[in-house]
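*Asks:* The lines below spell out each chain.
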Amino acid sequence: MLIIKDLNLNLGDFSLKDIEIHIQKGEYFTILGPTGSGKTLLLETISGRFRIDKGEIIIGGERVDYLHPAKRGIGYVPQDYLLFPHMTVRENITIGGACLKDDIIKLLKIERILDRYPENLSGGEKQRVSLARALVRNPRVLLLDEPTTALDPQIKRKIWLELKKVKKNLSLTVIHVTHDFEEALFLSDRIGVINNGRFEQIGTPTEIFRRPKSRFVAEFVEIENIFKGSGEGHYILIKPGFKLKTKEEFHDNVYIAVRPEDVIIKMKKEGRENEFEGEVVEIANRGAFYQIEIYVGINLVSLMPRRDFERMNFKVGDMVVIEISPEEVHIF
Amino acid sequence: MKKISLISSAFLILFVLIILSGVISLFSKTGLYGLKETLVSREFIFAVKFSITTSLISLFLSLIFSIPMAYFLSRVNFPLKQIVESIIDIPIFLPPLITGLSFLILFGGSFGKFIERFGISFLFSPLGVIFAQFIIITPYIERSAEIAFFKVNKRYEFMGKIMGLSDFDVFRKIVFPLSKKGILTGAIVGWSRAMGEFGATLMIAGATRLRTETLPISVYLSVSSGDIKFAAGAGVLMVIVAVLTLFIVRGVIKENAYH
Numbered sequence: 001m002l003i004i005k006d007l008n009l010n011l012g013d014f015s016l017k018d019i020e021i022h023i024q025k026g027e028y029f030t031i032l033g034p035t036g037s038g039k040t041l042l043l044e045t046i047s048g049r050f051r052i053d054k055g056e057i058i059i060g061g062e063r064v065d066y067l068h069p070a071k072r073g074i075g076y077v078p079q080d081y082l083l084f085p086h087m088t089v090r091e092n093i094t095i096g097g098a099c100l101k102d103d104i105i106k107l108l109k110i111e112r113i114l115d116r117y118p119e120n121l122s123g124g125e126k127q128r129v130s131l132a133r134a135l136v137r138n139p140r141v142l143l144l145d146e147p148t149t150a151l152d153p154q155i156k157r158k159i160w161l162e163l164k165k166v167k168k169n170l171s172l173t174v175i176h177v178t179h180d181f182e183e184a185l186f187l188s189d190r191i192g193v194i195n196n197g198r199f200e201q202i203g204t205p206t207e208i209f210r211r212p213k214s215r216f217v218a219e220f221v222e223i224e225n226i227f228k229g230s231g232e233g234h235y236i237l238i239k240p241g242f243k244l245k246t247k248e249e250f251h252d253n254v255y256i257a258v259r260p261e262d263v264i265i266k267m268k269k270e271g272r273e274n275e276f277e278g279e280v281v282e283i284a285n286r287g288a289f290y291q292i293e294i295y296v297g298i299n300l301v302s303l304m305p306r307r308d309f310e311r312m313n314f315k316v317g318d319m320v321v322i323e324i325s326p327e328e329v330h331i332f
Numbered sequence: 001m002k003k004i005s006l007i008s009s010a011f012l013i014l015f016v017l018i019i020l021s022g023v024i025s026l027f028s029k030t031g032l033y034g035l036k037e038t039l040v041s042r043e044f045i046f047a048v049k050f051s052i053t054t055s056l057i058s059l060f061l062s063l064i065f066s067i068p069m070a071y072f073l074s075r076v077n078f079p080l081k082q083i084v085e086s087i088i089d090i091p092i093f094l095p096p097l098i099t100g101l102s103f104l105i106l107f108g109g110s111f112g113k114f115i116e117r118f119g120i121s122f123l124f125s126p127l128g129v130i131f132a133q134f135i136i137i138t139p140y141i142e143r144s145a146e147i148a149f150f151k152v153n154k155r156y157e158f159m160g161k162i163m164g165l166s167d168f169d170v171f172r173k174i175v176f177p178l179s180k181k182g183i184l185t186g187a188i189v190g191w192s193r194a195m196g197e198f199g200a201t202l203m204i205a206g207a208t209r210l211r212t213e214t215l216p217i218s219v220y221l222s223v224s225s226g227d228i229k230f231a232a233g234a235g236v237l238m239v240i241v242a243v244l245t246l247f248i249v250r251g252v253i254k255e256n257a258y259h
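Protein sequence lines, in the order shown, are assigned to chains A and B. Residues in the first sequence are numbered from 1 upward in steps of one, following my numbering. Residues in the second sequence are numbered from 1 upward in steps of one, following my numbering.
It is possible that some hints are incorrect.
When the alpha-carbon atoms are kept at most 20 Å apart in a straight line, the in silico DMTMM-like pairs for lysine to aspartate or glutamate are as follows [to be verified]:
hint	chain 1	residue 1	chain 2	residue 2
1	A	K71	B	E157
2	B	K151	A	E119
3	A	K228	A	D262
4	A	K213	A	E20
Don't read these hints as lab results, they were simulated from the structure.
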């Protein structure tokens, strides 16, 4: 449905480099990255705000990168909604000759606010109006730029569900930009992690979450246990006395990443691979989980369900055993 | 803090009193009877009508020039832009008398003779009054509109394009309505300046009774001929116009809604 080939754009102080994406019809693709990584710029480039220096943008088999924004077949929902403040909701949606479509109005539950001005709408309502404005134009691709950033966490989750529903009901192809990893995991079929104007990794949420290809991606998906080590074959030495067995084979110096939830805490050794004794140095309550830091020659972070933590009942200064399965030691 | 407030308020009161004393002396000179006499005099009625007509025409012309110029300058960067903007601002920083003198020389020379062949004469004519007002007020109106356009988020224009609007419709339906407050403020201030324009008008159009006699020219002619009462009457009317303008501008500025 949407193909971007070798897209390059130089704006002087920032540039997009060698962007390649192939998005299938009906796919929900998320561009994930920190502030200033080029996510919004890429979205605005697809929608036609900037003329690209090199490459091609193809939507539905048609090359669109030289077309006027209105002729690209895109629906754009900007981060700040950009509802025209001097127009009512109805005028905002129908500007440019579009029709109010009952099914979309009902789906987004905005029937009652059609004659209101944007200044009298809540954040969630603005978001839905902006979405309706994009959808009534029957876009081939819907572009969403951080649609939930300005919303409260509870409303945010409601919008996620609504986005899923809208995407399913209208069989939409969606490109969604966000810096929220949880949001990306919840909504996406695939995720592209962008950094400094270039994709670091494109893959399914599980691939990104469990098998990051670079330190940047690992850090961005909140893997706190990232270490440099060296070795050969299946054993990596992180520090004297701390040697991990890995499932993957490797050579020389590498980085390893272990997700905190894969650092299992137990009270005694069971004679398994990668078991180490260590001291609990910090315990932080994170609601449904407890974040525990254990010193085993290096500091490792473990995430533990609240029930498990309460059952084991250890405290700072206690000695515990940690286990890391070789399958969960990711090398890059 | 209390001491500073006390000193500051003393300066404030003193300055307000200075302004009011001038206005009151104008009223005291003319008196109610004198004011009534001035208001019905032939010269005064001509001056009021002439001032209103010329100022509205010059305002209209100025808006026609200012809006496209301001939109262009707020959106396009080009080499020498700062120099072009400085040239537009010359009439703001130059004494109007000198601006007028420069055009007196221009229209008094071969260029003036050339355009006279087409029946256009600015010197010592009502057309000259309109031209003088136009030259003096356009930089104010342009600058005000430019700031208003500049404040409109450019991404609104981009959204308008995505919605299928032409460039002209983007301006007409989005940019102009969002900046109309600034343009309106500039237009009101510009009109008020046109009503009060004197120096450039005197140089280009001269001061001829019942021909190029705007309200300020009327005041000038009356003072020259020793008719202080008439001058004060015209002055009172101009004070009323100024105060009304001030209230309207403040009202426009306070009005936050776009609709």
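*Asks:* To test your reading of the hints: which numbers does this structure violate?
*Replies:* The structure conflicts with no hint, since it agrees with every one listed earlier.
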